[in-house]
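A.B. asks: Each protein sequence line maps, in turn, to chains X and R.
Everything in the first sequence is counted per the numbering used here, starting at 5 for the first residue and increasing by one.
Everything in the second sequence is counted per the numbering used here, starting at 739 for the first residue and increasing by one.
Just so you know, the hints here were simulated from the structure itself, not pulled from any lab data.
What the simulated footprint calls covered on chain R by chain X, stretch by stretch (three residues with Cβ under 8 Å from a Cβ of chain X suffice, anywhere in the stretch; the number is not a length):
| no. | segment |
| --- | --- |
| 1 | 743-752 |
| 2 | 755-769 |
| 3 | 820-832 |
| 4 | 844-850 |
Sample of chain R residues facing chain X (criterion: CB under 8 Å; computed from the structure):
| no. | residue |
| --- | --- |
| 5 | Y816 |
| 6 | G838 |
| 7 | N853 |
Per the computed footprint, the stretches of chain X lying under chain R, defined by three or more beta-carbons under 8 Å from a beta-carbon of chain R, are:
| no. | segment |
| --- | --- |
| 8 | 19-28 |
| 9 | 80-90 |
| 10 | 94-104 |
Note that the Cβ used here is the ideal one computed from N, Cα and C, for glycine as well.
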Amino acid sequence: MATINATITLSSSDMMDNAVSITNTSTLTKAGNDTGLSETSGLARKKTSSGANTILLDTDSGIGSDATAGGANKVYIKNLNSRGDGTKYVTILLEDTEIGRLYGGDWLFMPWNATSSGKDIEFTASDTTETTLEYILFFE
Amino acid sequence: MATTTATITLSSSDLLTDNLSLSTSTSLYKHGTASTGLDEMRMERLEIPIDDYGSGTAKQYDLIANSAALLNKPSWVYIANKNTNDTHYVEISIKDDLLGKLYSGDWMFIPWSCNLNAALGSAVEIQAKEATAVIEYALFHDGDTLTTAADS
Chain X
5 MATINATITL
15 SSSDMMDNAV
25 SITNTSTLTK
35 AGNDTGLSET
45 SGLARKKTSS
55 GANTILLDTD
65 SGIGSDATAG
75 GANKVYIKNL
85 NSRGDGTKYV
95 TILLEDTEIG
105 RLYGGDWLFM
115 PWNATSSGKD
125 IEFTASDTTE
135 TTLEYILFFE
Chain R
739 MATTTATITL
749 SSSDLLTDNL
759 SLSTSTSLYK
769 HGTASTGLDE
779 MRMERLEIPI
789 DDYGSGTAKQ
799 YDLIANSAAL
809 LNKPSWVYIA
819 NKNTNDTHYV
829 EISIKDDLLG
839 KLYSGDWMFI
849 PWSCNLNAAL
859 GSAVEIQAKE
869 ATAVIEYALF
879 HDGDTLTTAA
889 DS
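Construct the entire structure; sequences and hints are all you get.
C.D. replies: Pasting the structure below:
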């Protein structure tokens, strides 16, 4: 087993009258026990100049298919493009369900059920500007 | 406007041959700008019952419901499962689609797109498994629609 720590800090000094400061650290474990996750895709990078749907993690092939369906899998994704004027983004989908949009510089960290019934993690760029994503899958 | 920063650090000294050490930050902005930050948020600590408050029927709840004012605007969702038993988890779904499971101690942070289409929907839903779950969540957003009072 391995010990993988994921820490988030959300902070704002001017959104409210008092400062917002949320910090949380999770040690990534397998489902239902305290054994650490020990497999990963490593840090990977994907580029596309297509405005079409692109599969990032496929439940039927590649590293995505190695993830245990229903396991405590976790995914990190970052849009490496610059933010520009703030109108270009990448839509992150669970198959055909939109999760949300990553503008340039944005990142996400989420659990992934990796159900074999086609719940791939996909993305669609808002236009044909070359888009680069970095991602890591931690899985069991 | 406000400046809200989200930072993630991923680290491990024994997952790979070399250390894993990744850290990155982003600022939460409104759409169509690189300088105007999101300036609204809500945060709660909640107990999510495993059944419908004792009825014995397992139930999924809307944690963050759709709202007209959230449409086509950037929103960010943070959820942490504060339980301590390793077997306890919550399932997080975007409407009917199960995104994944947050076990005790886990957290997630995602951008979220509100969709008012009745068929597609987009509510962030949660269901406790094994036991009542104590969670903390926050929604950073650019406007929400308040519920009109029944006696207004």
